[in-house]
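S.K.: Kindly produce the complete structure, drawing on both the sequences and the hints.
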Amino acid sequence: MDSALFHRIRRRVLKAAHFFGLFVAMSLICLPGLWVVLNSFRPTVEIMAKPPVWIPNELNLDHYRAMFGGIGEGGVPVLTYFVNSLVISLTSTIIALLVGMAGGYAFARYRIPGKGAIFVSLMVTRAVPGVALSLPLFILYGRLGIIDTHFGMILVYVALNVPFTIWLIDGFFRQVPKELAEAAEIDGCTRWQAFWKVEFPVARAGIASAGIFAFLTSWNEYALASQLTRSLNSKTMPVGLMDFTSQFTLNWGGMCALAVLMIIPALLLTFLVQKHLIAGLTFGGVKG
Amino acid sequence: MADVVLKGVQKNFGALAVVHAIDLSIVHGEFVVLVGPSGCGKSTTLRMIAGLEDISGGTVQIGDRVVNDLPPRDRNISMVFQNYALYPHMTVRENLGFSLHIAKRPKDEIDKAVAAAAEILSLTPLLDRRPGQLSGGQRQRVAMGRAIVRHPDVFLFDEPLSNLDAKLRTQMRVEIKRLHQKVGTTIIYVTHDQVEAMTLADRIVIMRDGHIVQIGTPLDVFERPMNAFVATFIGSPPMNLLPATVHDGQLRLADETTMPVPPGISVRNGRHVQFGVRADNIMPDGHAMPPTAHMAHVDMPVTLTEPLGTETLLFGTLAGTEVQAKMLNPRPVKPGEVLRFGIALDKCHLFDAETGASLRA
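Top line first, the protein sequences correspond to chains A and B. Take the first sequence: its letter number 202 is residue 202 in our numbering, and every next letter is one higher. Heads up, our numbering is the position in the second sequence plus 1000, with the first residue counted as 1.
Worth flagging that the hints you see were computed from the coordinates, not collected in a lab. Heads up, some of the hints might be wrong.
Stretch by stretch, here's where chain A covers chain B in the computed footprint (C-beta under 8 Å, at least three residues) [claimed, not checked]:
#1 1065–1074
#2 1083–1089
#3 1097–1104
For glycine and all other residues, C-beta sits at the position ideal for the given N, C-alpha and C.
M.R.: Set out below in structure tokens:
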């Protein structure tokens, strides 16, 4: 009986320790985000207080009001930045997905001479830090006259995302047995129909996750955007954050408020697409 | 329905030839099973008929059309895959109706055809489920249903039962045979399981290394194997083969045991042969079928027994080779016990020691 009791206690202690560990880890991940949200709602005095104030005394929308206010009153062109970000991120995501689907499908299904080498070299492009490319890109774009344009930013983000989307989508198409497409062809489909009616829907979950990834990369990218955008023509939200810095002061509250506005669409999109990420969608089509 | 005729059909992968110019003609309504060990080219042959694999040489004809260059969708065939290949994102109903949907048939016609196919295969209660919610046997039936919905000229089955457990396999085997009796369509069926081949086929095509070794009815290939490979491949347990030499009308085994050459086989003196005898034709005295006119007798120690209920398989060693024999009305046998076995010579075979070809005229 003692041994049974001992085991029961031990299991409970382990479980508690497990939860505590998870709590610490999640806190570390979530705290900065929480801090950003909190700061966007409270006065600057409280943000700057030392020691830090954990429980806010007063919550208000002053920073948001100011942000949407006139230029002189600490306002920034939020809507323009938002539209720029949205247009650039969505367009580049769609293009990266289309290219990624074509490339990933080709890698997964066809025998291509030098396939391994092409694949590795695609991945190697990801090893180059984006910032290292910013100066060459700046010069190149300057000569081409596409600095500070949506087109230029879309181009950069497509290039940034394509290797990864190809890699991800290749993995998902590999999991779709080729017999599915063969069965569809025998059932009367053309190669093209077999792809769109059978293979694409089955791999949809993977393609959606590649899409989320590509979108978030473009949405959050700062380093290259800060070099290649100049004005309201193309400035994205991450670059817009810098509007809150001036020579001697940093408007932390305003910055946090804009950051919250940035997080919301990303969260929404992830949430919307997530329903396509139902695990096990492909289960059952073929013998495991 | 249609005849299927293969003339000199070849398949090469680069320099590697996997199917060597095979000829085969299948009349309409026939159930033909391609059987052979893995890598013998049987699946490749089937895939060439389906149009999933390019044909490197020769012609494939379905009905009166040469289909070499037609895509699968224009060949009017159906195929059941080893892993079922059901569309996981569609319900059973959508899976069954998919081919008709693609062909843009009217909705009520699709509904009717799906209902009929579901009825034949007892899938009606499952129509609104997805493949993931079905058991292995049910998935197999959906795969078959998808094939019959469109009334093809030819059904192609690619090892459809190999993913099922033994009991279900036996059950589905019966269902496939029943289905063939019901719809009467030409079936070409690939398997590596000789039991499936024997039980299902009108004619068996035995393949090895990309060649057709023998074509015949199940009893044909069982009773008159053209060579030692067919003899050991068809039938369970496989036929025992014992090396022997012919001297004055007598077979001399490796340990100098002699017995008459099986009746009906003429073979010259000194020839090296393999003596083939099935377990059904070597049985211990007192536990055997009624003796025939041509019997030989040997003493053989039993090393191992496998009781199967109505009979027991006996493993023994004869002239240095392991031999399997059958014991009817079995009694317990101790390992090491020496029994006297009768061999029904008129059911035995001789194969050339080098080429393996049967010496029975």
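S.K.: Each hint should be assessed against the structure and marked as holding or not.
M.R.: Now for the hints, and whether the structure bears them out:
| no. | hint | verdict |
| --- | --- | --- |
| 1 | 1065–1074 | holds (count 3) |
| 2 | 1083–1089 | holds (count 7) |
| 3 | 1097–1104 | holds (count 4) |
The structure is consistent with each of the numbered hints, conforming to all of them.
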